[in-house]
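Student: Each chain, written out:
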Amino acid sequence: MKSLGNPFSSKTDLRHGADCGCKSCASGEFRADDASPQSSEAMLERAVESAIVRSVFGHSDIGRRSFMGMVGGATAAAALASVFPMDKAKAAILDNLGTPEKTDLNIGFVPITCATPIIMAQPLGFYERYGLNAQVIKTAGWAVARDKSLAGEYDASHMLTPMPLAMTLGAGSTATPYIMPAVENINGQAIVLSNEHKDKRDPKQWKGFTFGVPFEYSMHNFLLRYYVAEFGLDPDVDIQIRVVPPPEMVANLRAGNLDGYLSPDPFNQRAVWEGIGFIHILTKEIWEGHPCCAFAAPLSFAEQLPNTYGALLKSIIDATQYASNPDNRKEISEAIAPTNYLNQPVPVIEQVLTGTYADGLGEVKQVPDRIDFDPFPWHSMGVWILTQMKRWGYIEGDIDYKAVAEQVYLAADARKIMTDLGYDAPTETYKSHVIMGKTFDPETPEDYVSSFAIGKG
Amino acid sequence: MATLSLNQRAAILSLVLLFAGLLVWEAAIPAQKAAGELTEYERLTGGGAPKAGVPPPSQVFQKAWNELSNPFYDAGPNDKGIGIQIGYSIYRVLSGYALAALVAIPLGFLIGMSTVAYKALNPFIQVLRPISPLAWMPLALFIIQDSERSAIFVIFICSIWPMLINTAFGVAGVRKDWVNVAKTHELGALRTAFMVILPAAAPTIVTGMRISIGIAWLVIVAAEMLVGGTGIGYYVWNEWNNLDLTSVIFSILMIGVVGMALDAMFGILQRLVAYSE
Chain H
1 MKSLGNPFSS
11 KTDLRHGADC
21 GCKSCASGEF
31 RADDASPQSS
41 EAMLERAVES
51 AIVRSVFGHS
61 DIGRRSFMGM
71 VGGATAAAAL
81 ASVFPMDKAK
91 AAILDNLGTP
101 EKTDLNIGFV
111 PITCATPIIM
121 AQPLGFYERY
131 GLNAQVIKTA
141 GWAVARDKSL
151 AGEYDASHML
161 TPMPLAMTLG
171 AGSTATPYIM
181 PAVENINGQA
191 IVLSNEHKDK
201 RDPKQWKGFT
211 FGVPFEYSMH
221 NFLLRYYVAE
231 FGLDPDVDIQ
241 IRVVPPPEMV
251 ANLRAGNLDG
261 YLSPDPFNQR
271 AVWEGIGFIH
281 ILTKEIWEGH
291 PCCAFAAPLS
301 FAEQLPNTYG
311 ALLKSIIDAT
321 QYASNPDNRK
331 EISEAIAPTN
341 YLNQPVPVIE
351 QVLTGTYADG
361 LGEVKQVPDR
371 IDFDPFPWHS
381 MGVWILTQMK
391 RWGYIEGDID
401 YKAVAEQVYL
411 AADARKIMTD
421 LGYDAPTETY
431 KSHVIMGKTF
441 DPETPEDYVS
451 SFAIGKG
Chain B
1 MATLSLNQRA
11 AILSLVLLFA
21 GLLVWEAAIP
31 AQKAAGELTE
41 YERLTGGGAP
51 KAGVPPPSQV
61 FQKAWNELSN
71 PFYDAGPNDK
81 GIGIQIGYSI
91 YRVLSGYALA
101 ALVAIPLGFL
111 IGMSTVAYKA
121 LNPFIQVLRP
131 ISPLAWMPLA
141 LFIIQDSERS
151 AIFVIFICSI
161 WPMLINTAFG
171 VAGVRKDWVN
181 VAKTHELGAL
191 RTAFMVILPA
201 AAPTIVTGMR
211 ISIGIAWLVI
221 VAAEMLVGGT
231 GIGYYVWNEW
241 NNLDLTSVIF
251 SILMIGVVGM
261 ALDAMFGILQ
271 RLVAYSE
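Taken in sequence, the protein lines are chains H and B. Letter 6 of the first sequence, counting from 1, is numbered 6 in my numbering, and no numbers are missing. Letter 48 of the second sequence, counting from 1, is numbered 48 in my numbering, and no numbers are missing.
Just so you know, not all the hints are guaranteed correct.
Straight line, CA to CA, 25 Å or less: simulated SDA-like cross-link-like pairs of lysine to any residue [what the hints assert, rightly or not]:
#: 1; chain 1: H; residue 1: Lys330; chain 2: B; residue 2: Asp79
#: 2; chain 1: H; residue 1: Lys330; chain 2: B; residue 2: Asp244
#: 3; chain 1: B; residue 1: Lys63; chain 2: H; residue 2: Lys198
#: 4; chain 1: H; residue 1: Lys102; chain 2: B; residue 2: Gln145
#: 5; chain 1: H; residue 1: Lys365; chain 2: B; residue 2: Lys63
#: 6; chain 1: H; residue 1: Lys198; chain 2: B; residue 2: Gly47
#: 7; chain 1: H; residue 1: Lys198; chain 2: B; residue 2: Glu40
Away from chain H, derived, C-beta distances all over 10 Å, residues of chain B [said to hold, decoys possible]:
#: 8; residue: Leu4
#: 9; residue: Gly46
#: 10; residue: Trp65
#: 11; residue: Ala75
#: 12; residue: Glu239
#: 13; residue: Asn241
#: 14; residue: Met265
#: 15; residue: Arg271
Because the hints were derived from the structure by calculation, they are not lab data. Predicted model, so just to flag it, every value in this text is computed and none were measured. For every residue, glycine included, the Cβ atom is placed at its ideal position computed from N, Cα and C.
Using the sequences and the accompanying hints, generate a full structural model.
Tutor: Shown next as structure tokens:
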């Protein structure tokens, strides 16, 4: 997991994640010497070590770093183990979770690769590992996922990261307290254009194009709008953006109803596979590490069934960790491709997950982090999404960006649960993000909104 | 040749048309050529694999054979045999339909027998009737909070109108002299309703029921595509998700066959209640 630093290293800064975009991290000072733990057990151990080490140093990371720098990590670890029963602490935390109150769970998912950890946790036995008998139920679309989740048919559900924010603000549904304790995937989307437009790689030539996005309150919509606006096109005037369910996208592209779309995989790769379109850019080129889909549940689920919720979150985080390891991606592709899950050809899924893919223009690209998996729900990501909702007129008036983000992206609660479960999470919940070369500072969201030439806000 | 009856000749013509159609269809689909040595790019763009496209009928038959030889397999919540899927759809249709019949037939009777009730309820019927059943879906999902019951409600709401209107029409159209004869025999209102009006109106009522079941079967497929989960509509959606047109065509045929069977059931019922004056 990208958010777990080695506590015995003087070069990691435990207050920031390894991909933190803040000034001190961007300088590269703290990034070296930090191999991420590769198994869930190793992660748990790292988390416990981290918690203990930090408490030893009174949560002063500067003090810890200078100490590690002086004596060296291995010495410090040995010294600490001699006075503190580290093994017992780890074992205690591993056993800490009570028996789940309810083991038969229904978890909704929309059949796209973003849901990989939620889906694969079933065939690969992650739910089982934590004593749960979870069924993953395929859902026809986002609005239905929302309604079935509200209706209690799903105990937890795969959602888009902007959905719980929109739901909270009463945009498109009534307000029900939801928690989003984990982001599912980062990156993993692309802009696909019809083969007719192979010579129109400059977005300035896209005037009059019709694009598809899977849902209004989606990163797809906001990233597409951001991208074309950076090239001087007003997404509400110069192009048309339609909400099109992902399976229809490929068919519409073939029929010429759409010139392109920004959609989740496998439908980007599927267009290439069918010889209809090509991948113009991956969304990671717009915003490296952007969040996309999320794991969400009603607050009541976590309150009423805390052990079940804990076990479920543990399965999901464990699966997410497993999915983030490139070595496992082929196995995962085969596990999630059958009819019961994504119902897609294995080679298409494999190209998405391994990042070795045909781009539709005659080249084989190697982009291992084309899609990646990291669960921490950064508040700053929520603030960014809100700035875009404001920018494009989805919400109006004064918004307390941070308050809304903190209410919905329960990073603090998530961190508490993760720590209870023996995992660690970044201590910060805000960081700056760089999107198409422009830095977003979550401290000044209103200035950010008004800094764009194109927009309604 | 003169020995062939009209029906026999029609059947032969049907078969000839079917085979000619299938032959043209089969011939119109270019065979996907087997690939030789593939470059990595060709392999990644599915050089060796079939592209999504309209399949030849032989492929559809193959698919149908595979599916129908094991129609009741259950490989988890999202992968069930065609028999189970159709079973779910029929269950939903019949539940919603039965509820609609329970409401529509008595209410239609009332409307047909009372001009006041007819005039009072007519505006509501006229506004509600043209609403597409699927337009109710979001509201149903939101209020009922259960996708299964919402689907049944949608069937209910689409089945009710033809039955209601036909019942009212049939009851109102019962010949006055028959009712008068009942009156001279001093039959009570209830006995008149059951012994005179119901048998006289039965053919019209059953016609309404037959129209309703047809609409209900049309609607359930669309509703299941929208909501997902189980049913033949979900099956189509799931195969469409994978751009698997072979399965889509196969399921379209299955939808047609089941729809025909449902209609035929009411056709038999219609013949049973018909009378000649």
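Student: Return the numbers of the hints above that this structure violates; sort them in rising order.
Tutor: 3, 5, 9, 11, 12, 13
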